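Our numbering numbers the first residue of the sequence shown as 148 and each following residue consecutively.
Since the hints were derived computationally from the structure, they do not count as laboratory data.
With a straight-line cut-off of 30 angstroms between C-alpha atoms, the simulated BS3-like cross-links for lysine-lysine are:
id : residue 1 : residue 2
1  : K193      : K248
2  : K260      : K174
3  : K260      : K273
4  : K193      : K174
5  : K260      : K248
6  : K193      : K260
7  : K174      : K248
Across the chosen pairs, the derived CB separations fall in these ranges:
id : residue 1 : residue 2 : range
8  : I221      : R167      : 25 to 31 angstroms
9  : I221      : E183      : 31 to 37 angstroms
10 : I201      : L257      : 22 to 28 angstroms
11 : R213      : Y268      : 22 to 28 angstroms
12 : E217      : R167      : 30 to 36 angstroms
13 : S274      : E233      : 39 to 45 angstroms
14 : D250      : D166      : 23 to 29 angstroms
15 : N191      : K273      : 46 to 52 angstroms
Nothing here was measured: the structure is a model prediction, and the numbers come from that model. By construction, the Cβ of each residue, glycine as well, lies at the ideal position given by its N, Cα and C atoms.
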Amino acid sequence: MTDPAISSDAPLPRRDEDDRTTINELKAVVARFVDERNWHEFHNPKNLVMSLAIETAELMEHFQWRTPDESLVIMDDPEQAHAVGEEVADCLAYLLAIASKLDIDLSTTLRAKMVRNAVKYPVPPKSEPTEP
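When you get a sec, could you build the whole thing from the sequences and use the hints?
This is the structure:
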């Protein structure tokens with residue numbers, strides 16, 4: 148049975164869905180999509196990482212020739228907002244698939260990485276602007 152949440156004509160979820168959805172629930176949505184299509188043979192780490200790079204490039208295309216200021220308001224255009232959202236969703240789906248395939252606990256890994264980043268990039272004194 149196909150999940151209505153992944154139907155191409157399903158209405159977009161409410162904007163507060165992130166507050167109630169877990170990472171594991173999203174991983175399950177992606178896994179069910181792959182299962183229903185019997186795509187397991189194609190979903191190896193190499194192919195998934197390559198697909199993520201392709202989807203990331205597709206997301207980049209929406210910003211490629213925009214100024215930084217234009218990029219800040221891209222979501223004000225409903226058509227662009229939809230297209231950008233779809234590309235972000237594609238990227239997220241591949242990240243979730245990679246994490247599942249490689250048994251990466253995203254919450255633990257992200258928190259640990261942010262701790263390492265905080266050590267590497269300490270908060271500057273208030274008077275000093277910094278660049279990333």
